[in-house]
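S.K.: Residue-level listing of the chains:
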Amino acid sequence: MSNVWLITKRELVGYFTTPIAYVFIVIFLFLNGVFTFYLGGFFERGQADLVTFFSFHPWLYLALIPALTMRLWAEERRSGTIELLLTLPISMLQAVLGKFFATWAFTALALALTFPMWLTVNYLGDPDNGVILAGYIGSLLMAGAYIAIGACISATTKNQVIAFVIAAVVCLMFLLSGFPLVLDFFDGWAPELVVAAISGMSFLSHFDDISKGIIELRDVVYFVSLIVFWLFANAVLIELKKAD
Amino acid sequence: MTTLVEISRLSKRFAYITAVDDISFQVDKGEVLGFLGPNGAGKSTTMKMITGFLAPDAGTVRVGGRDIAEEPVEVKKRLGYLPEGAPLYPDMTPAGFLGFVGAVRGLRGDSLRRRVADTVKKVNLQSVLEQPIGTLSKGYKRRVGIAQAIMHDPEVLILDEPTDGLDPNQKHEVRSLIRNMAEDKAIVLSTHILEEVDAVCTRVIIVAEGKIVADGSPTELEARSNLHNAVTLVVRDRDPAQVKQELVKLNRVAAVECVARNGLVHCTVRPENSDSIVAAVSGKARENAWAVEELHVHRGRLDDVFRAVTTAESKRS
Ligand SMILES: Nc1ncnc2c1ncn2[C@@H]1O[C@H](COP(=O)(O)OP(=O)(O)OP(=O)(O)O)[C@@H](O)[C@H]1O
Ligand SMILES: [Mg+2]
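Residue numbers (the working numbering), protein chains in the order written: chain G, 1 to 244; chain U, 1 to 317.
To be clear, the hints were calculated from the coordinates, so they are not data collected in a lab.
On a predicted model such as this, the values are computed, not experimentally measured, just so you know.
Where hints are given, some of them may not hold.
[Unchecked claim] Derived BS3-like pairs (lysine-lysine); straight-line CA-CA distance at most 30 Å:
# : chain 1 : residue 1 : chain 2 : residue 2
1 : U       : K122      : U       : K185
2 : U       : K138      : G       : K9
3 : U       : K121      : G       : K242
4 : U       : K249      : U       : K171
[Stated by the list, open to error] What follows is a list of derived Cβ distance ranges for each label pair:
#  : chain 1 : residue 1 : chain 2 : residue 2 : range
5  : G       : A108      : U       : R113      : 43 to 51 Å
6  : U       : R113      : G       : N129      : 39 to 47 Å
7  : G       : R218      : U       : P132      : 41 to 49 Å
8  : G       : F232      : U       : R307      : 44 to 52 Å
9  : G       : D184      : U       : S8        : 56 to 64 Å
10 : G       : G33       : U       : A55       : 44 to 52 Å
[Said to hold, decoys possible] Some chain U residues judged to face chain G by a derived CB distance under 7 Å, without partners named:
#  : residue
11 : Y16
12 : D21
13 : F25
14 : T51
15 : L54
16 : V73
17 : F100
18 : R108
19 : G165
20 : A255
21 : V259
22 : W290
Ideal Cβ positions, reconstructed from N, Cα and C, are used throughout, including at glycine.
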């Protein structure tokens, strides 16, 4: 366990020794503000809640999280440091988890820095803080799924740009899979069960439930199993591709 | 004698070539094994398999009696490894990096700080401890790489071209560092600098196209050179042809070359079967009353042997 922490710490410090951390946090907070207050019509709605704030998160993560995950493995493979990392006395699982937790913790920090939003609604009205807490938990869980996908994709290439683009596309598919556009594509020729499965894979439907304040087991299980699956694939891919 | 590294029938294929082809050898405690071979011979690939980075297609690696395929983490604890080209995290400082590696190696608190300080002193990194590694010169990067490999005082050290890019002083320092550590370790190092082999290695393995083509102590290998026990004779004020004529008459002499240079005649006399002929040559000189300026016996040169065994291999295939 301490090895996971050591790797997490190294990666986290890595975010802050480069401009990535600051750029990410500033843009994340800025876009959150813009989306919530202008696009989301926060004041016009006259509701003391953070529904609009959370509803933009899937889209924000789509653009921003692949930028955090793209270097996780691609950079190690390009520079050869992967040889250093994987010949240290750590297991593959520890390496994969260490990197995942670093990005997740960093995202959690960025999310925590949106607290003025929470202060604002509490100042303006009398929101249900339980619902808001659920929203934060759901958002963080969903971020974990994005990160696991991004980390896994980063393991397949030495090129960070490719890692970014493919991760964004895969995340987009998970995001859109509940939309008619995607379902229509499968409808007609794919078995009904598959279509149902695809629509059940969507981030949006699961996140919507949680952000309304209902933390249901199946939504939590959904995100956690997505994370587990993609991290497992991550470990397998590194094992296969590390020599290339 | 404890055998610390046992490699048996190791093979690795890549898409187009067999990089390592059925290699077996052992390294004992106290040995410094020089791993030589032309570019692309499979040295780095072999080292990557010994350190558990690459899984072999066939064969086993045992370190300290443990199979790396079965107990990778245990084996890696006992290994120190400098990968080819000394890859490092450019954003970290040497201090931060060595702290990280030491912590992963299980060192904590005071003992970690002490060990980092000791290692830093050994490889002369004091002046750059807080400078990002990415901005260090090549030689300093190499030293950081060596530092991370030796900091936990491992039983087995695998160093892929450890002195590449170092200045002559640092080369000397690193070689004495390796010699000083050798006693209670098994060390494998690859190099293209043959003088390094004489300076630090107790044993040499030459590989070519994935196979071992020579294995022995540096002296044994030098003895295989066709210059082994050849004699160089330099005499003053004589006619080269005449000197040569005299020397060829000697028993057990295979070839004589004589050239005149600055009024001196330089002769190289090669014996048959590496026999010792120096006494006969000096007798001849006395007999003819040559003014001898220089007379010495060759041990043989490793690079001759290297060229002979590695080019023979590629001709065969
Ligand atoms: N990941 C890889 N994919 C395909 N081929 C590879 C890979 N790694 C090494 N090779 C090939 O394996 C062969 C052996 O390479 P290796 O790096 O072990 O040689 P080396 O003896 O270390 O050479 P050098 O002295 O140049 O460092 C080379 O032909 C190389 O091209
Ligand atoms: Mg090499």
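S.K.: A separate judgement is required for each hint: does it hold in the structure or not?
M.R.: Here is how each hint holds up against the structure:
Between K122 of chain U and K185 of chain U, the direct Cα distance comes to roughly 17 Å. Compliance with the 30 Å bound is thereby established for this hinted pair. For the hint pairing K138 of chain U with K9 of chain G, the CA-to-CA distance comes to about 27 Å; that is within 30 Å, so the pair holds. This hinted pair does not check out: K121 of chain U and K242 of chain G have alpha carbons roughly 33 Å apart, beyond 30 Å. Straight-line distance between C-alpha atoms of K249 of chain U and K171 of chain U comes to about 46 Å, which puts the hinted pair past the 30 Å bound.
The hinted window of 43 to 51 Å between A108 of chain G and R113 of chain U is violated, with their beta carbons roughly 31 Å apart. Between R113 of chain U and N129 of chain G the beta carbons are some 45 Å apart, a value that agrees with the proposed interval 39 to 47 Å. Take R218 of chain G and P132 of chain U: their Cβ atoms lie about 47 Å apart, and the range 41 to 49 Å holds. As the Cβ distance of F232 of chain G to R307 of chain U is approximately 50 Å, the hint placing it in 44 to 52 Å holds.
The hinted window of 56 to 64 Å between D184 of chain G and S8 of chain U holds, with their beta carbons roughly 59 Å apart. A C-beta distance of roughly 50 Å is found between G33 of chain G and A55 of chain U, which places it inside the suggested range of 44 to 52 Å. The beta carbon of Y16 of chain U comes no nearer than 13 Å to any beta carbon in chain G, farther than 7 Å, and the hint placing it at the interface is violated. For the restraint placing D21 of chain U at the interface with chain G, the shortest Cβ-Cβ distance is roughly 17 Å, beyond the 7 Å limit, so the hint is violated.
The restraint placing F25 of chain U at the interface with chain G is violated, with a minimum CB-CB distance near 20 Å, outside the 7 Å limit. Checking T51 of chain U against chain G by beta carbon gives a least distance of about 5 Å; that is within 7 Å, so the hint holds. Against a cut-off of 7 Å between C-beta atoms, the interface hint on L54 of chain U holds, since the closest Cβ of chain G lies about 5 Å away. Satisfaction of the interface hint for V73 of chain U is found here, the shortest Cβ-Cβ separation to chain G being roughly 5 Å, below the 7 Å cut-off.
Given hint, F100 of chain U at the interface with chain G, holds; its Cβ is 5 Å from that chain's nearest Cβ, closer than 7 Å. Nearest Cβ of chain G to the Cβ of R108 of chain U: about 9 Å, over the 7 Å cut. The hint is violated. Taking 7 Å as the C-beta contact cut-off toward chain G, the hint placing G165 of chain U at the interface is violated, the least distance being around 15 Å. The interface hint given for A255 of chain U is broken, as the beta carbon of that residue sits about 48 Å from the closest beta carbon of chain G, more than 7 Å.
Here the hint on V259 of chain U is broken, as its CB sits about 49 Å from the closest CB of chain G, past 7 Å. Hint on W290 of chain U is violated. Least Cβ distance to chain G is approximately 59 Å, over the 7 Å limit.
Violation of the numbered hints given earlier is confined to hints 3, 4, 5, 11, 12, 13, 18, 19, 20, 21, 22; the remaining hints are satisfied by the structure.
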